[in-house]
Amino acid sequence: MTILRHTHAPRDEILRNFAPFASPEQIRGMVIGNDLDSVISACYLKQRFGWDVVATYDYATLWAAGEPGFGANLAAGAYLALDLDIYHPQIYSIGHHIIEHHHSDRLPGHARTLNPNCLRGVTISNFRRKYPLATIHFLLWLFDEEPASRDGRVAVWLADSAYINAQAHRFAENARDWVDNYLSCGFLSRTLPLVDTPDFERILQTRLFPALAGNPLCSNSGQVVSRHLGLSGYQGQWRDPNAQRDSVLDLFGRIAKITGWNPPDLPNRFRGVCGQRQTLSLKEILSKYGSLDTFLESEKVFSYVFPYRDSVNFTKGIIE
0 MTILRHTHAP
10 RDEILRNFAP
20 FASPEQIRGM
30 VIGNDLDSVI
40 SACYLKQRFG
50 WDVVATYDYA
60 TLWAAGEPGF
70 GANLAAGAYL
80 ALDLDIYHPQ
90 IYSIGHHIIE
100 HHHSDRLPGH
110 ARTLNPNCLR
120 GVTISNFRRK
130 YPLATIHFLL
140 WLFDEEPASR
150 DGRVAVWLAD
160 SAYINAQAHR
170 FAENARDWVD
180 NYLSCGFLSR
190 TLPLVDTPDF
200 ERILQTRLFP
210 ALAGNPLCSN
220 SGQVVSRHLG
230 LSGYQGQWRD
240 PNAQRDSVLD
250 LFGRIAKITG
260 WNPPDLPNRF
270 RGVCGQRQTL
280 SLKEILSKYG
290 SLDTFLESEK
300 VFSYVFPYRD
310 SVNFTKGIIE
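Residue numbering for the sequence shown follows numbering that gives the first Met the number 0, starting at 0 and increasing by one per position.
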């Protein structure tokens with residue numbers, strides 16, 4: 000099961016029980032996701048613990064440094080998977096997808112997973128209560144910190160389009176519940192009411208977007224649109240960190256300048272391990288395997304998420 004599952008644990012208890020934060024000297028680097036939230040979160044943890052990036056993962060391909068022993072180190076828990084939900088009993092990961100079908104799920108592959116949904120007992124049965132913010136919000140709550148500059152504080156709300164999720168036409172009530180009843184800290188409590196205002200969106204439009212617009216990974220297109228000015232995009236996703244290396248490094252540099260946090264080092268070259276990414280309905284899984292646990296074990300799943308309450312996206316073939 001996940002760390003402190005269903006306990007509503009306070010942050011001091013989480014920090015004591017999650018080994019990468021209790022003993023950061025044991026972590027040799029970060030495996031990160033492939034978007035703006037991952038970049039901001041990696042800059043924050045580089046600033047706090049000095050960790051560098053050793054790999055990126057987009058839930059289809061693991062792009063890793065070509066150094067000898069990477070796979071063994073990954074499987075031994077030497078790295079932190081950041082902004083990712085990895086299903087492996089030895090890998091430490093921090094993510095925020097819904098990964099539980101039912102409270103009876105054992106989920107042994109999530110023994111080292113830290114996930115706010117699991118902390119609060121959010122499963123597919125109460126999907127609308129899903130954590131609505133980004134990984135960086137969770138980290139800043141844990142350590143009770145915030146960027147020093149106004150632009151840095153605004154950039155945090157851009158991650159995963161969290162400012163849109165927190166607006167009235169999206170999931171404002173759920174966002175307020177999370178901040179008021181669990182993630183209570185000065186930064187989030189103070190800034191949450193501001194994100195659903197034209198003034199906040201104008202700061203994004205006139206300061207943050209121009210600061211990111213020169214990067215090829217950032218565009219003004221996206222799946223969701225803000226309530227006041229119709230803003231969207233700037234999520235900085237990449238597909239191939241070798242072919243897009245200059246753009247990825249540039250994005251880290253821009254975020255470091257905006258937030259005041261140090262950018263982590265990245266490998267000079269990545270080697271891609273392509274997994275098999277598939278989608279199945281939950282009904283199919285339960286009919287064939289009887290339980291989520293049996294499915295995950297039988298298929299040797301490396302990562303999975305519930306994008307909706309009735310379907311599972313999963314990847315296998317990364318680690319045998």
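Calculated from the structure, these hints are not laboratory results.
Among the hints, a few may not be true.
Claimed, not checked - Derived pair list, reagent style DSBU-like, types lysine-lysine, alpha-carbon separation capped at 35 Å:
no.: 1; residue 1: K315; residue 2: K299
no.: 2; residue 1: K315; residue 2: K282
no.: 3; residue 1: K45; residue 2: K315
no.: 4; residue 1: K256; residue 2: K282
no.: 5; residue 1: K45; residue 2: K287
no.: 6; residue 1: K256; residue 2: K287
no.: 7; residue 1: K45; residue 2: K282
no.: 8; residue 1: K299; residue 2: K287
Status of each hint after checking the structure:
A threshold of 35 Å between alpha carbons decides the hint, and for K315 with K299 the separation of about 6 Å falls inside it, so the pair holds. Taking the CA atoms of K315 and K282, the gap is near 20 Å; set against the 35 Å cutoff, the hint holds. Distance restraint check for K45 and K315: the Cα-Cα separation of roughly 29 Å lies within the 35 Å cut-off, and the hinted pair is therefore satisfied. With a CA separation close to 47 Å, the supplied pair K256 and K282 exceeds the 35 Å bound.
Proximity of K45 to K287 is assessed by CA-CA distance (about 44 Å); at most 35 Å being required, the pair is judged violated. The suggested pairing of K256 with K287 is violated, with an alpha-carbon distance near 51 Å, which exceeds 35 Å. For the hint linking K45 to K282, the alpha-carbon distance of about 42 Å lies beyond 35 Å, and the restraint is violated. The hinted pair formed by K299 and K287 meets the criterion: a straight-line CA distance of about 15 Å does not exceed 35 Å.
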